[in-house]
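Colleague: Chains as they are written, first to last, in my numbering: chain A, 308 to 631; chain B, 161 to 540.
Take the hints with a grain of salt, since some may be wrong.
Pairwise CB distance ranges (calculated) [as the list claims (entries may be wrong)]: (1) B:529 <-> A:501: 22 to 30 Å; (2) A:382 <-> B:374: 52 to 60 Å; (3) A:357 <-> B:515: 50 to 58 Å; (4) B:534 <-> A:382: 40 to 48 Å; (5) B:240 <-> A:365: 48 to 56 Å; (6) B:375 <-> A:382: 37 to 45 Å; (7) A:355 <-> B:211: 50 to 58 Å; (8) B:374 <-> A:365: 30 to 38 Å; (9) B:529 <-> A:619: 43 to 51 Å; (10) A:492 <-> B:300: 22 to 30 Å.
Calculated directly from the structure, the hints in this document are not laboratory data.
Idealized CB from N, CA, C, for every residue including glycine.
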Amino acid sequence: MAGQLSIAKALNGALRKSLESDPKTVLMGEDIGKLGGVFRITDGLQKDFGEDRVIDTPLAESGIVGTAIGLALRGYRPVVEIQFDGFVYPAFDQIVSQLAKMHARALGHVKMPVTVRIPYAGGIGAVEHHSESHEAYFAHTAGLRVVTPSNAHDAHWMLRQAIESDDPVIFLEPKRRYWDKGEVGESADLGLHDARIVRPGADATLIAYGPMVKVCLEAAAAAEEDGRRLEVVDLRSLTPVDFAALEESVKRTGRGIVVHEAPVFLGMGAELAARLTERCFYHLEAPILRVGGYYAPYPPSRVEESFLPDLDRVLDAVDRAFAY
Amino acid sequence: MTVKSTARARKKAAPGVRATAKDAQPELVQLLTPEGERVEHPDFPLTVEADELRALYRDLVLVRRFDAEATSLQRQGELGLWASLLGQEAAQVGSGRAMRPGDYAFPTYREHGVAWCRDVDPLNLLGMFRGVNHGGWDPNEKNFHLYTIVIGAQTLHATGYAMGITKDGADDAVIAYFGDGASSQGDVNEAFTFASVYNSPVVFFCQNNQWAISEPTTTQTKIPLYRRASGFGFPGIRVDGNDVLACLAVTRWALEHARTGNGPVLIEAFTYRMGAHTTSDDPTRYRAADETEAWKAKDPITRLRTLLEKEGLADEEFFASIEAESEQLGLRVREGVRSMPDPDPTLIFDHVYAEPHALVDEERAEYIEYAASFEAGENH
Chain A
308 MAGQLSIAKA LNGALRKSLE SDPKTVLMGE DIGKLGGVFR ITDGLQKDFG EDRVIDTPLA
368 ESGIVGTAIG LALRGYRPVV EIQFDGFVYP AFDQIVSQLA KMHARALGHV KMPVTVRIPY
428 AGGIGAVEHH SESHEAYFAH TAGLRVVTPS NAHDAHWMLR QAIESDDPVI FLEPKRRYWD
488 KGEVGESADL GLHDARIVRP GADATLIAYG PMVKVCLEAA AAAEEDGRRL EVVDLRSLTP
548 VDFAALEESV KRTGRGIVVH EAPVFLGMGA ELAARLTERC FYHLEAPILR VGGYYAPYPP
608 SRVEESFLPD LDRVLDAVDR AFAY
Chain B
161 MTVKSTARAR KKAAPGVRAT AKDAQPELVQ LLTPEGERVE HPDFPLTVEA DELRALYRDL
221 VLVRRFDAEA TSLQRQGELG LWASLLGQEA AQVGSGRAMR PGDYAFPTYR EHGVAWCRDV
281 DPLNLLGMFR GVNHGGWDPN EKNFHLYTIV IGAQTLHATG YAMGITKDGA DDAVIAYFGD
341 GASSQGDVNE AFTFASVYNS PVVFFCQNNQ WAISEPTTTQ TKIPLYRRAS GFGFPGIRVD
401 GNDVLACLAV TRWALEHART GNGPVLIEAF TYRMGAHTTS DDPTRYRAAD ETEAWKAKDP
461 ITRLRTLLEK EGLADEEFFA SIEAESEQLG LRVREGVRSM PDPDPTLIFD HVYAEPHALV
521 DEERAEYIEY AASFEAGENH
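Isolated chain B, as found in the complex:
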């Protein structure tokens, strides 16, 4: 079935479209075709009930709605920057829903869909993009680590955390998220090495969205990224990153593999960044519109909706209710961001250290005195 679907993809690919042509590989795990057809894969059987499919659809739609709202808020000047996940909803929701409550996610700065699955309040994610904090949520509350901006650095934190799980004798597992660009980083390769030799329960989830800002994946690698794993001695799997069912099934398998003492797994979710790198980026300078158009045909939400409709698993009322809920979410996010207060400037000094530090204390006192001198001046 997989071969069939990729053959279709090849036929559809416009000439010169790099990314679409490249995914025409028999290794790609797919359970739901772009046409909304349910297919099976011998290694990753998946039984999903109708309510689970509907729940996944709801996740995808709401995550996309949240993301669109954040982009709008940036355009309106309410956020300084936004890194859109448009196009990558299935990779994030599929992998995010594969996690158990005790599992732990280490995100980049684009994992809004994973955050959603971990039940992190979307407003928490917006603080850093508005500039009121650098993240600020308690990672241990939802087992969702802070967004990490330095490319690939979090893969080592994830691996260290996983080493701790092993020491604790626990059966939790970790997912380290990163992108195709990060695959070139030393930290990612060191994380592969550490996880491999210590047999750590960590799943390396690479969303290959084809572009690291302006650089195509061909600037990062000469072989498919999932094959990198073999050099480190653990399995690598390429999954259709726009197929939420395949991402769910493969990540579930990988997490189980990791938590049962078999060591790490690399998943390459083959997907596409439909939008710009961030709101500061202009992709028209480096990629062709027909490439983006070709990927639109593989949209992760459309194919699930097609399946739901075709199989009669959801009615108009359901779709309307999701639509209404997404509008509510947009409203809540909009109002939440607009009413997000600026922090007091003394925040600068608040959490530099966990224990008292003489210089920070001194500079805080100096700042407060300096600021107060203006207020005193106004009174005279």
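One chain only, chain A, in its complex shape:
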């Protein structure tokens, strides 16, 4: 897979490989057939694999996830596309009460190898319900694995790993990065749940995932001009969290700042800050700080830039961390 691929193309390639390698893999979702999905992630797949394996479903999210569970019980490996983040809630019961708990309910007798792909987060100037970051709901539910790539290489390989997993995986796709290009390597260099240091540094650790990784990389580049060497860790997996990698980094830098689009209150950052404080208490120069969205419904697009963390908000938090 030499050359630069967009995240969208990398995901499309991963779905194609998964369909090729396992005849039990089926894709389900709204408009994923002829149209190729509203973001074209499934472009061309129905043409090549048929309507039996790339299935246009009725517009009923609970129905999509619920029937995917039934297909998994029959031995299939469904990959479900939820069209937009805000449309997943009708399927919430099927995801958190059925999909997440079926393996435990059966005392391990059945497995739920279902991947739920959801384009999430904002920054694309969309109408309501098309820009939400709801990762905490899913990460809070034991039984689900929740992952999110930030670049084309991870998009490809993490999706293939997610589909191969025998557990249900919520696969969150940072929709505003769909068209960002990057090299996709010949193999997965990390496990599905490993964090990655995407920029080494010594003075503070920025912890981000999905769409915010790019923002943090830009912030780190800007901070360097001020003589601050910021490390950027791409979390990649939200459950389980690679706490070993985070702990190592934060102990080394003495400062940690978690950045996500989701509201700060009870977001991933709260859990990361609490646990890192426990693990790194005597190494910390400052409390673990959080940068994120506000405790408000995702705003109309004309003001979303004020809602979303950007380079300046990240650097402002960096300043605060250094002020302790």
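Given the structure of chain A, go ahead and fit chain B onto it with the hints provided.
Modeller: Here is chain B on its own, set in the frame of chain A:
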């Protein structure tokens, strides 16, 4: 014949008895009247040999005995809760016996009679009501899925499973069980839609037992439930749910219809929940005793016994042997439940994921260490 039997029912109905009056509809498929009279239906002919009738009788009696034992065990504190099927034995045994070995059942939490027909050990059903697991049996062993508590959620699982059967090119079929209350759920209506457009081999078996806890069927629907099917484009049939022969014949037909590529069928088994919703419920708060009394006259077991006796198909020795067997079953269930051990607390962590998960592993280790600290303390 059907018209005749329903006319009788109308005459018998006490004034103001909602459910009994409502079943006085010519559409109701009936093959065995409450009086134990064998009648024919033009669309659902059924030939049953004497040994099959006796086997059905045995099923009904043993299922009722098991259910009564479980209720007693709850009263004795051995079970935390029990959802009795009293009154619905015929709907469950009739439909359960219509299934072939390769067919698959997706139950609610009340399908003890279907479980019996699928040869699921009754003790398996009691684990979740005792609180030692949330089900825990291997659904694929007997093609009987885990009990599902969220109302209607399993109808989608059943439909997805049926979609898989179609993909496999197999000729198996699925039954999705649910109740009159569940008919209002979005999931059930989505399951109807998916099954219809994909022509999936699934039979939707609705036991309309007239009550969703305290809410009568009139709170769920303004039309007879079986007619809902027409809006989704597949057949709907109302069957006398207290008539094991009618339930058997109609479900057999529906399963055959589904497995031969004709798509889903909705069966509304018109029956009655003779007991409480669960052992935590008090039906005297919301329904009249005369309604329950009226339904007692339609008991599914009595009418089959009457037929067997009247036609000389079973003797006293047979009935005595079934009685003895049911006592044995009660004893086995009682002893089995009382000796059911509590799980080790580390069960909490055992099957959260199929593959290792760092946080679960960490918390398991923390718990074990914490628990061990008490044991260590006792030694000092």
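Colleague: Range first: 50 to 58 Å. Now tell me if the beta carbons of residue 357 of chain A and residue 515 of chain B are that far apart.
Modeller: violated, 30 Å
Colleague: Could you see if the CB distance from residue 529 of chain B to residue 619 of chain A stays within 43 to 51 Å?
Modeller: With a Cβ separation near 45 Å, residue 529 of chain B and residue 619 of chain A satisfy 43 to 51 Å, so the hint holds.
Colleague: Do the beta carbons of residue 355 of chain A and residue 211 of chain B sit within 50 to 58 Å of each other?
Modeller: holds, 55 Å
Colleague: Starting from the range 40 to 48 Å, see whether the pair residue 534 of chain B and residue 382 of chain A falls in it by beta-carbon distance.
Modeller: Distance hint for residue 534 of chain B, residue 382 of chain A holds at roughly 44 Å.
Colleague: Between residue 529 of chain B and residue 501 of chain A, does the C-beta distance stay in 22 to 30 Å?
Modeller: holds, 26 Å
Colleague: Taking the CB of residue 374 of chain B and the CB of residue 365 of chain A, does the distance hold inside 30 to 38 Å?
Modeller: Cβ of residue 374 of chain B to Cβ of residue 365 of chain A: about 33 Å, so the range 30 to 38 Å holds.
Colleague: State, for the Cβ atoms of residue 492 of chain A and residue 300 of chain B, whether the hinted interval 22 to 30 Å holds or is violated.
Modeller: For residue 492 of chain A and residue 300 of chain B the Cβ distance comes to about 38 Å; the hint is violated.
Colleague: Given the hint of 48 to 56 Å, is the C-beta distance from residue 240 of chain B to residue 365 of chain A inside that range or not?
Modeller: violated, 38 Å
Colleague: State, for the Cβ atoms of residue 382 of chain A and residue 374 of chain B, whether the hinted interval 52 to 60 Å holds or is violated.
Modeller: Between residue 382 of chain A and residue 374 of chain B, where Cβ atoms are some 41 Å apart, the hint is violated.
Colleague: Between residue 375 of chain B and residue 382 of chain A, does the C-beta distance stay in 37 to 45 Å?
Modeller: holds, 38 Å
When each numbered hint is compared with the structure, violations occur for hints 2, 3, 5 and 10.
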